[in-house]
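S.K.: Hints given; two lone chains; assemble the complex.
If you're matching them up, the sequences are chains A and B in order.
Under the numbering used here, the residue at position 204 of the first sequence is numbered 207, and the numbers go up by one with no gaps.
Under the numbering used here, the residue at position 164 of the second sequence is numbered 1658, and the numbers go up by one with no gaps.
Be aware that a few hints might be false.
[Stated by the list, open to error] Cross-link-like lysine to any residue pairs, in silico, SDA-like; alpha carbons within 25 Å at most: (1) B/K1567 x A/L30; (2) B/K1567 x A/V31; (3) B/K1567 x A/S44; (4) A/K23 x B/A1599; (5) B/K1567 x A/S21; (6) B/K1567 x A/G273; (7) B/K1567 x A/R372; (8) A/K23 x B/E1598; (9) A/K23 x A/A237; (10) A/K116 x B/E1598; (11) B/K1567 x A/T41; (12) B/K1567 x A/V38.
[Stated by the list, open to error] Which stretches of chain A does chain B cover? Using the computed rule of at least three CB atoms under 8 Å from a CB of chain B, they are: (13) 28-41; (14) 273-285; (15) 356-370.
Derived by calculation from the structure, the hints in this document are not laboratory data.
It should be emphasised that the depicted structure is a prediction, and the values quoted were computed from it without experimental measurement.
Positions of the beta carbon are idealized from the N, C-alpha and C atoms, including for glycine.
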Amino acid sequence: MSAPVDTAADGGLMRVSSDKISRLMDLVGELSLSVSETVQSPDLAGLTLTNFDAAVHRLNMIVREVQDAATELRLVPVDDVFRRLRRMVRELERQTGKQIEMEVEGGDTAIDKLVADRLYDPLLHVVRNSADHGLEGPEERRASGKSEQGRIILSAAQIGSEVRITVADDGRGLSREKILRKAREKGFFGPDEEPDPAVLWKVIFEPGFSTAEQVSNLSGRGVGMDVLNATMTALRGRIGVESAAGQGTRVALHIPVSLAFLDCIILRLGHQLFAIPIDVVSEIAKPRPEDIVGISADTGSEMFRLRGAFVPVCRLDDFYDTPMRDAAATPDGVLVVVNTTSGPIAVPVNEILDRQQVVMKPLVGRLARVRASFGCALLGTGEVALVLDCERLAAGVAGGAA
Amino acid sequence: MANDTADATLTRPDGQPLREADNVDEMYLTFALGAEEYGVNISGVTEIVGMQRIMSIPDVPSYIKGVINLRGKVIPLMDVRLRFGMPERAYDERTVIIVMDVGEAPVGLIVDGVSEVLEIPPSQVDRHGQFGRSSTRSVIAGIGRIGDRVAVLLDTSVLVADGDINLPADIAA
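Just chain B, with the same shape it has in the complex (with noise of 0.2 Å):
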């Protein structure tokens, strides 16, 4: 099943291919974690691969996983739960990795799951900027409405950037 997933194409929620006319910025990749829904900005992610073996790696946060050799690139892989502090979950055929480009290093977000690629209009974004106690950009970039359900669209850069930027260099190690 992981081989599903890993082959398959971006597509749009009624199953036709991405369209040249489809506005990219608007067009998020919505992904499970536990029974919540996240969505990052699909202009980011390179692909979607099935879980692989992953090679730990010595003096990083323990939420980065350990790396793994994607055709010869070599991609951290952060595990989205512990980023968050939610409950790690073994994983599973469902369990997918995301790999996004943010700031021109190579990053993969393992997620319990890929769901669908949505468009969502800045009309169904609530962006209060008031998520998250502190002052620094809050990695939430806004809550996405489809119907009823939402789905919290995060900011990548933020995501991957947080720990570095809140934590003592000697504590994020």
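Just chain A, with the same shape it has in the complex (with noise of 0.2 Å):
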């Protein structure tokens, strides 16, 4: 607070260190608990509390407008790595001796600080091996018919409470053969398989994968790609490459926009509670028990009619294989239908409680092992509800869940 700050300069704004804006993020997170805990307590059962009412009311929606304010702090344009990338294009260029435009859409998208300060190296990485080994040099372009200045687009646009950013070049594009080959050899595919480009890309991002024929100065030793999966599983994100021989190569990451918070659906599953994001959810069923319909003959697995089409039935306590009790008591109570990458899937609770924005906590130490999950959300009441990662969820039906 006595700290002096200089808000003179840079048209009012503020420096202010990360720690002291998640340490505000925790005081807030704390000061929700605390209104709860004093306005539930049960000194105050049977009183007739008109005036106390009311005033219960505007504090929890001021207490709801901090939390969003403080969650606001710690969210920072993406523009703030693309330009540094923007440098280190400029790097390249000198050093590779090709000439290089990079064209950047979408720079104030906003993403979370701590995400955007990840984010720096494993882009970097994608942008070199697009300037290395995707774009050609300026003889090679121009017997190809292209310009000979070679093009990176870094293009960033939030999609629900993802982030997507993308680096596209417009190179050589991914040598199927060549990639085809060293995944051959270092044991990725047999000898005789013939993997679907989408899959067969992602191999690059395998540990310890690189087909630099020749060792750069630019495009790490092996270990730029593995950086990369490395973050993204950190920060729950996904990777997709789509490349066209001779078009080019491009590089998409989906990124969850805050770490912090997201906008969730809250579910009840016996004494378990759920939470799931409310943009994956596409609609609510309560089913009559005919539309759901069991399939022995796939190991008992189960679809839900929903208007002539069938969804796949994904029962979490066979996914946890944690039976969470009164489950099977009643008939399902509600499904929720979510829509995932693999298709949608249908999750059977007991009930919905509530639509709110929840404060995300990371799973860590012995609960880093929870599958298909984002994290903890802290509900208003205090309670804690696992943050279900539905892309996983239904990666795990598609797969027979284990």
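M.R.: Structural data, given as structure tokens:
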């Protein structure tokens, strides 16, 4: 509080250490917990509290606003990262003798500072790879009818609660032949296997995989892509690669906007609370018993009939192999249908409790092994719900949940 | 009563608060599991709280009873009885949670009750390393002698991580 802060310069912007903001976030969390403890105090039971209730309502609204405002403090434009990459590209031009034009789209997309800080290194590797291996030299480009100047397009856009960052180049594209040969050598695929392009491209992110025939001082030594892979796992993001021979390569990173908070619906299954990010929920259905079809031929899997289509049912007790009690007692209360890249799945729960902005806490220590989860959500009531990663949930269903 | 324990600050056996000069490495918080007495080094202990509402979490070993929300921190709780394969016992007003930081991550140990903070100099600790049959590091750091009593001193990093090391992921889950 007493630290002098210079507000005059920089058009009213202040530099604040991220530690202080984290501390504020923690305090806001404690504040909302204390408020709900006070409001729900057993000492108040049986009292008529007309004015008190009105004040509580206002207090809760203010706490919510403080929570939102504190979270926003941590959002920064992704351009902060892009600018550093731009400098790097100029350096690359000098080192490779290639002419590179770098374009940036969506630089004002907001992203959690904690994410932004960790994004530079992996993005740097992708950009270096594009510049070093993807883009051809001026002569080669002229020969193949392209402009001498190679292009790298960095773009960012928010899609739901995710930010998608893409690095696209108009270079020679990935070589199926080279990558497949190398992947077979390293034992990623059998000698006769012909993987789909999207599957094959992803091996370049596998630890120890690098096709750089000549190790240059730019594109690491087979460690670059590992960094990308490890960081994306830590940030709970996904990677996608597209490539067309002679036309270029596009690497897309999907990352949650904020590691700290998420708009979720809160579900109860037995005595267990779960949260699902609101933007993956496509609908909520109350099934009649005949809408759920069991398929014993397929190890007892179930399908939910939704307007003529069949949606695989993912039972959380089965997935986690943890009985969650009274789940079986009532016939499925509600089905939450969620969209995933492997198609929709239906998740049966006993009831839907609420929709709220939850404070996300990463799963650390003993909890790091919990599957198909982004983290723990702290609810306004002080309770804790597990935030489901429906992508991984669906992958488990598709792969015959172990 | 749980509240009394919750608010108790760490004190020396003689009731004096810890002094700066005390060697934290030789200080142990002792607790009871049935008739046995155990100890953990106090350097990792952040606080002791009474039993509170536990929210269960799927996909964890059965000795992880769930999590508590401790002022905005999500803390997984390990029932140390179950961890050691001892019979489960209903929690009562003496049951407490020892909140620790082990390798940067918080964990709460559910024990029958805390006893005291003792200074056990290395000369009073037997470290034969013969406990347990496996070749991996033992969860038992040593046996401390306090007069005619003994306390089994635990290596908390093994206590917390052991299941992860010895059990294949699919069994541990």
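S.K.: For every hint, state whether the structure bears it out.
M.R.: Evaluation of the provided hints:
no., hint, in the structure
1, B/K1567 x A/L30, "holds, 11 Å"
2, B/K1567 x A/V31, "holds, 12 Å"
3, B/K1567 x A/S44, "holds, 21 Å"
4, A/K23 x B/A1599, "holds, 21 Å"
5, B/K1567 x A/S21, "holds, 18 Å"
6, B/K1567 x A/G273, "holds, 24 Å"
7, B/K1567 x A/R372, "holds, 18 Å"
8, A/K23 x B/E1598, "holds, 19 Å"
9, A/K23 x A/A237, "holds, 23 Å"
10, A/K116 x B/E1598, "holds, 21 Å"
11, B/K1567 x A/T41, "holds, 19 Å"
12, B/K1567 x A/V38, "holds, 16 Å"
13, 28-41, "holds (count 4)"
14, 273-285, "holds (count 3)"
15, 356-370, "holds (count 6)"
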